[in-house]
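Note that this note's numbering has the sequence shown beginning at 89, numbered continuously upward.
It should be emphasised that the hints constitute simulated quantities derived from the structure, not laboratory data.
Incorrect hints may have been included.
[To be verified] DSS-like cross-link-like pairs, simulated, lysine-lysine; straight-line CA separation at most 25 Å:
{"hint": "1", "residue 1": "K379", "residue 2": "K252"}
{"hint": "2", "residue 1": "K119", "residue 2": "K183"}
{"hint": "3", "residue 1": "K162", "residue 2": "K187"}
{"hint": "4", "residue 1": "K168", "residue 2": "K288"}
{"hint": "5", "residue 1": "K168", "residue 2": "K142"}
{"hint": "6", "residue 1": "K183", "residue 2": "K162"}
{"hint": "7", "residue 1": "K168", "residue 2": "K229"}
{"hint": "8", "residue 1": "K379", "residue 2": "K469"}
{"hint": "9", "residue 1": "K183", "residue 2": "K142"}
{"hint": "10", "residue 1": "K252", "residue 2": "K365"}
{"hint": "11", "residue 1": "K126", "residue 2": "K183"}
{"hint": "12", "residue 1": "K225", "residue 2": "K187"}
{"hint": "13", "residue 1": "K225", "residue 2": "K142"}
{"hint": "14", "residue 1": "K379", "residue 2": "K225"}
{"hint": "15", "residue 1": "K168", "residue 2": "K156"}
{"hint": "16", "residue 1": "K141", "residue 2": "K331"}
{"hint": "17", "residue 1": "K365", "residue 2": "K288"}
{"hint": "18", "residue 1": "K480", "residue 2": "K469"}
{"hint": "19", "residue 1": "K480", "residue 2": "K379"}
{"hint": "20", "residue 1": "K356", "residue 2": "K183"}
{"hint": "21", "residue 1": "K480", "residue 2": "K168"}
{"hint": "22", "residue 1": "K331", "residue 2": "K187"}
{"hint": "23", "residue 1": "K141", "residue 2": "K299"}
{"hint": "24", "residue 1": "K229", "residue 2": "K100"}
{"hint": "25", "residue 1": "K459", "residue 2": "K365"}
{"hint": "26", "residue 1": "K480", "residue 2": "K126"}
{"hint": "27", "residue 1": "K288", "residue 2": "K274"}
As the structure is a computational prediction, the values presented were derived from the model and not from experiment.
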Amino acid sequence: MTSREYLCIDLKSFYASVECVERGLDPMTAKLAVADPKRGEGTVCLAVSPALKKLGVKNRCRVYQIPKDITYIKAPPRMKMYIRYSADIYAVYLKYIAKEDIHVYSIDEAFLDVTDYLSLYRLSSRELAVQIMQDIKETTKITAAAGIGSNLYLAKTALDLLAKHRDDHIAVLEESSYRRLLWDHKPLSDFWRIGTGIQKRLQEFGILTMKDIAHADPALLYRLFGVDAELLIDHAWGRESVKLPDIKSYQPKHRSVSSRQVLFRDYKYEECKLILKEMVDALCLEMEALKAAARSVSLTIGYSYEQEREASAGSAALSVASRSYRVLIPHVLDLYERITEKNIPIRNVSVAFQTIADTDCQQYDLFTDYKTIEKEKKMQKTVLEIKQKFGKNAVIRGMDLQQEATAVERNRQIGGHSIG
Numbered sequence: 089m090t091s092r093e094y095l096c097i098d099l100k101s102f103y104a105s106v107e108c109v110e111r112g113l114d115p116m117t118a119k120l121a122v123a124d125p126k127r128g129e130g131t132v133c134l135a136v137s138p139a140l141k142k143l144g145v146k147n148r149c150r151v152y153q154i155p156k157d158i159t160y161i162k163a164p165p166r167m168k169m170y171i172r173y174s175a176d177i178y179a180v181y182l183k184y185i186a187k188e189d190i191h192v193y194s195i196d197e198a199f200l201d202v203t204d205y206l207s208l209y210r211l212s213s214r215e216l217a218v219q220i221m222q223d224i225k226e227t228t229k230i231t232a233a234a235g236i237g238s239n240l241y242l243a244k245t246a247l248d249l250l251a252k253h254r255d256d257h258i259a260v261l262e263e264s265s266y267r268r269l270l271w272d273h274k275p276l277s278d279f280w281r282i283g284t285g286i287q288k289r290l291q292e293f294g295i296l297t298m299k300d301i302a303h304a305d306p307a308l309l310y311r312l313f314g315v316d317a318e319l320l321i322d323h324a325w326g327r328e329s330v331k332l333p334d335i336k337s338y339q340p341k342h343r344s345v346s347s348r349q350v351l352f353r354d355y356k357y358e359e360c361k362l363i364l365k366e367m368v369d370a371l372c373l374e375m376e377a378l379k380a381a382a383r384s385v386s387l388t389i390g391y392s393y394e395q396e397r398e399a400s401a402g403s404a405a406l407s408v409a410s411r412s413y414r415v416l417i418p419h420v421l422d423l424y425e426r427i428t429e430k431n432i433p434i435r436n437v438s439v440a441f442q443t444i445a446d447t448d449c450q451q452y453d454l455f456t457d458y459k460t461i462e463k464e465k466k467m468q469k470t471v472l473e474i475k476q477k478f479g480k481n482a483v484i485r486g487m488d489l490q491q492e493a494t495a496v497e498r499n500r501q502i503g504g505h506s507i508g
């Protein structure tokens with residue numbers, strides 16, 4: 089089988105770099121943090137510039153964690169502008185690589201399979217990476233970093249653990265160099281797809297490095313992580329079988345729609361019911377657009393930061409699949425009442441409808457008022473068409489105008505942040 093060569097390109101401190109460019113500042117030297125000043129000192133910084141990172145300020149920190157003696161610019165997030173910059177950079181990729189060989193991993197990161205282009209351009213993978221990075225810099229003034237690897241995992245690891253810390257912002261890994269350079273790297277949570285939870289479970293058995301995982305008893309790893317142990321073992325040896333065509337052709341067995349929001353303040357138990365109703369309403373419209381129906385609901389309630397209390401979570405199956413607000417909201421509120429601590433302030437809420445079945449028809453039980461549901465479906469379709477044409481706030485419910493409501497403000501956001 090022909091070996092592949094991949095680039096994993098990341099835009100350094102993307103949101104912060106865009107804000108610097110817009111202000112005529114050097115993204116690598118200016119001290120800037122992207123954070124919404126209206127949310128107070130406890131809000132999370134979406135990004136901090138490389139200059140702030142050099143002073144010890146961590147990415148995704150809270151504003152109050154930035155030392156008071158550091159003078160910096162606080163830039164309100166402008167998500168619409170970041171998306172425009174990201175689209176411009178994707179256009180740069182398309183100058184060199186066909187879209188079939190590009191996988192956009194996030195707004196500021198992408199995988200490129202450059203295998204079949206190296207002979208065309210008569211360049212090495214490093215030379216092509218340099219050319220693309222220079223084009224990005226000339227087009228947008230944004231600095232990029234690139235990891236190069238013989239598989240997707242090695243390209244991502246080269247980017248995360250090596251390239252971002254080098255002066256030329258480029259690093260190359262193959263299986264042998266991966267084992268030589270990174271087998272003893274700590275902590276394990278620095279590696280792609282290893283979170284702190286997995287790291288802690290491995291530490292309980294004295295497994296602290298990728299080398300330890302590679303030489304651990306496979307039976308132990310399978311007992312701890314089930315089928316996911318196979319991926320963990322492969323990555324410990326620097327192996328990855330998935331290629332870009334596999335990602336592009338992947339069809340999940342189960343689909344879901346979900347919504348999560350961190351509230352601007354602590355909400356009381358009764359107040360939060362309004363937030364749930366707004367979230368379910370939005371998800372029902374999303375399912376209408378997808379022609380999908382929910383078969384189960386999951387709910388997670390996170391409590392005030394001042395309370396040392398773990399989040400409450402639960403799920404419930406539905407007797408029939410539905411995307412009707414009238415049908416779904418009683419199930420969600422019933423689940424909310426069963427799992428939520430009523431006397432503890434609430435700070436974040438997550439709602440998800442799982443096992444979404446594509447459907448052009450609706451299933452009913454004997455107790456369903458199908459005429460009312462059919463009328464609601466027609467109304468949902470009309471509301472959806474109006475919102476798509478005139479904006480999300482073109483049609484709102486009366487409850488969205490209540491003081492505790494957040495839907496109108498969130499409709500002005502992307503990913504929970506200001507469009508700008």
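Taking the hints in turn, this is what the structure says about them:
1. K379 <-> K252: violated (43 Å)
2. K119 <-> K183: Distance ~33 Å between K119 and K183 Cα, so the pair is violated.
3. K162 <-> K187: This hinted pair is violated, its Cα atoms lying about 36 Å apart.
4. K168 <-> K288: Measuring from Cα to Cα gives roughly 38 Å; hence the hint is violated.
5. K168 <-> K142: violated (28 Å)
6. K183 <-> K162: violated (35 Å)
7. K168 <-> K229: Holds, at about 18 Å.
8. K379 <-> K469: Roughly 10 Å separates the two Cα atoms, so the pair holds.
9. K183 <-> K142: violated (34 Å)
10. K252 <-> K365: Not satisfied, since the Cα-Cα distance of roughly 43 Å exceeds 25 Å.
11. K126 <-> K183: violated (40 Å)
12. K225 <-> K187: Roughly 21 Å separates the two Cα atoms, so the pair holds.
13. K225 <-> K142: Holds, at roughly 21 Å.
14. K379 <-> K225: violated (42 Å)
15. K168 <-> K156: Distance of about 30 Å is beyond 25 Å: violated.
16. K141 <-> K331: Cα-Cα ~33 Å, so violated.
17. K365 <-> K288: The given pair, whose Cα atoms are some 37 Å apart, is violated under the 25 Å limit.
18. K480 <-> K469: holds (14 Å)
19. K480 <-> K379: Distance ~19 Å between K480 and K379 Cα, so the pair holds.
20. K356 <-> K183: violated (53 Å)
21. K480 <-> K168: holds (15 Å)
22. K331 <-> K187: holds (14 Å)
23. K141 <-> K299: Between K141 and K299 the Cα gap is close to 30 Å, so the pair fails against 25 Å, i.e. violated.
24. K229 <-> K100: holds (11 Å)
25. K459 <-> K365: holds (22 Å)
26. K480 <-> K126: holds (22 Å)
27. K288 <-> K274: Holds - the C-alpha atoms of K274 and K288 are around 13 Å apart, at most 25 Å.
In the structure shown, a violation is registered for the earlier hints numbered 1, 2, 3, 4, 5, 6, 9, 10, 11, 14, 15, 16, 17, 20 and 23, in ascending order.
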